[in-house]
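Work out the full structure, taking the sequences as your base and the hints as a guide.
The chain contents come next:
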Amino acid sequence: MDIISLQQVAFQYNGGFALQDVSFQVQKGEVFALLGPNGAGKTTTIRLLNGLLRATSGEIRVLGCDPLKDGIIVRGKTGVLTETPALYERLTALENMQFFGTLNGMAPADLKARIAELLDFFDLAEHADQRVGTYSRGMRQRLAIARALLHRPELLFLDEPTSNLDPEIAHQVQDLIIRVKKEENCSVVICTHRLYEAEQVCDRAAIMHKGRLLAQGTLAELREAAGLRKRVRFTLRNELTDGAWRQLLATPFVEEGEQSNPNAFILDVEDYATVPEIVAWLVQYHIDILSVTPQQPSLEEVYFQLQKRVEVQCEF
Amino acid sequence: MNFKKITVIARKDLLEVRQNKAAFLPMMIIPLIFIVLIPLLITLVLPGIGGAVEDFTNDPDMQVFFEVMPIQMRNTLTGLDPTQTMIVTMLGYVFAPMFLIVPLMFATTIAAESFAGEKERKTLEALLYLPISDQELFAGKVMAAALPAILITWLCFVLYSIIVNVVPYSYFGRIWFPLPVWWWLIFWVTPALVAMSISLTVLVSTKVQTFMGAYQTSSSVVLVVVVFFIGQMTGVLFLSQRVAFFIGLGCWALTAIIGRIAVSSFNRQKLLTD
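Residue numbers (the UniProt record's numbering), protein chains in the order written: chain L, 1 to 316; chain G, 1 to 274.
One should not assume that every hint holds.
[To be verified] Between beta-carbon pairs, the in silico distance windows are: (1) Ile178(L) <-> Leu15(G): 33 to 41 angstroms; (2) Ser57(L) <-> Thr7(G): 34 to 42 angstroms; (3) Met28(G) <-> Arg131(L): 17 to 25 angstroms; (4) Glu184(L) <-> Arg18(G): 46 to 54 angstroms; (5) Met28(G) <-> Ala116(L): 30 to 38 angstroms; (6) Phe121(L) <-> Thr7(G): 29 to 37 angstroms; (7) Phe121(L) <-> Leu15(G): 51 to 59 angstroms; (8) Val263(G) <-> Glu301(L): 32 to 40 angstroms; (9) Trp183(G) <-> Ala116(L): 47 to 55 angstroms; (10) Ala116(L) <-> Leu15(G): 53 to 61 angstroms.
[As the list claims (entries may be wrong)] Each computed DSSO-like pair below joins lysine-lysine, with the alpha-carbon atoms no more than 27 angstroms apart: (11) Lys270(G) <-> Lys122(G); (12) Lys69(L) <-> Lys119(G); (13) Lys21(G) <-> Lys77(L); (14) Lys21(G) <-> Lys207(G); (15) Lys21(G) <-> Lys69(L); (16) Lys207(G) <-> Lys77(L); (17) Lys69(L) <-> Lys122(G); (18) Lys4(G) <-> Lys112(L); (19) Lys210(L) <-> Lys4(G); (20) Lys77(L) <-> Lys119(G).
Derived from the structure by calculation, the hints contain no laboratory data.
Each residue gets a CB set at the ideal place from its N, CA and C atoms; glycine is no exception.
This is the structure:
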């Protein structure tokens, strides 16, 4: 079931388009990433999906509702981590959580237990009665994520969840996203410009650029769409002679190659299915192989490849 | 509209204002000066310097002041000795406009903190993602400013009544305060002024980015009170019941106009894109 569906959505702002012709779907239980630099339209998309803004054109459905008309219903079932933590710094962590929990319609006893559970989980229990103004950046971010999870949302939006965090805590947050997806049966939309992060956690992703969607799909589909070559890295026990290298490049299963050092090289292949043939060829010439590693293009490479293509299109 | 949600928002705003020293201290000090300090000073000092007061009330300029007074007011002064006349004139009439600073002060400070302050501290967005309507959010914030402003003014009124009656009691031998016009001030003008200053602050808050900006612009409403105070001191305008009625009416009329614009500018889309 589609938990989110956008059909040709546009949002005009100050005379220009902040979003244009954006269509995508997110299924229940999925972690979906919106990738793109600042100003790509990721935050605007989250705002539209929660009924904070009115789309100029197109159709939006979230959890079976029109978020603009049924904003209260939709927002009651979504949890949002905003780009800045947006916590009340003059209030304590507990007061913050009580305020947001009560407005989310939670019963006092349930709210109390849930706050204790989340503060404990995020290692903030000791600081519950401390004013948020005294918190470190990492603590604020953890509290803000806890707040987003407070009312057990069916759909969680995370806007740059790790951008202010130390690598260690960022890693914890990534683990947490996967855990939330599993344990709370929650669908997650994550906006990030950290592509490595998206690669770790997301099932599918959409790449945004200047308010438009460049591509979407699983990581494999995005790699396909980017048209990047498949690459395999070989390391050898001994140095490869120039003659052998030239012969290898001339074989039909190799498209291109690059020698990083005399003991290692990377080959572009049309399909990973040809790897056994390359291995057989090397063995036949008594070349000892230490390792063979398929090199998936990273999301980062995919992203830059797609972006480059758009920019080339724009120039014409 | 869900009343519980509205009160939760109002309570949170008040909790926050209490922590803002720049807002909270003046809010406490100004009423203290007008409600406690000045009445105490007048009621304690004047009876002790009877001769000087008599000279003052017999001054030709002061005589003119008493002559141009509306008959209604002059009646309350007949049969009083010079010191009693001075106390009643000062605390019963001249300071009445200053008393209105209390509701104005509370209403503008809290509203500026609640509307512009939230924007300044970038906490508004999290609030907008809650399952509450624009109207509930607006009502909660208005309530946060209106309720304390009105209730504290009433409390100050009780305190003021006690001081101005009890301290010079041996001198008057009766309860002379409140004068009829004060009922109009407290129950008609005060709510109207509060409503007007809140709508003005909300409107200003949509245009400025900081609490201080909103606070300073909207507290210029206090000028109205000052003008009124001077008007009364110079004998140009006297605070009669009729005048109080029209001031209240004027404030409500302005509230209707400003409030309508303020409400229409308070919705999620405008708050995020303006």
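* **Hints breached by this structure** => Hint check: 4, 7, 8, 10, 13, 15, 16, 19 fail, others pass.
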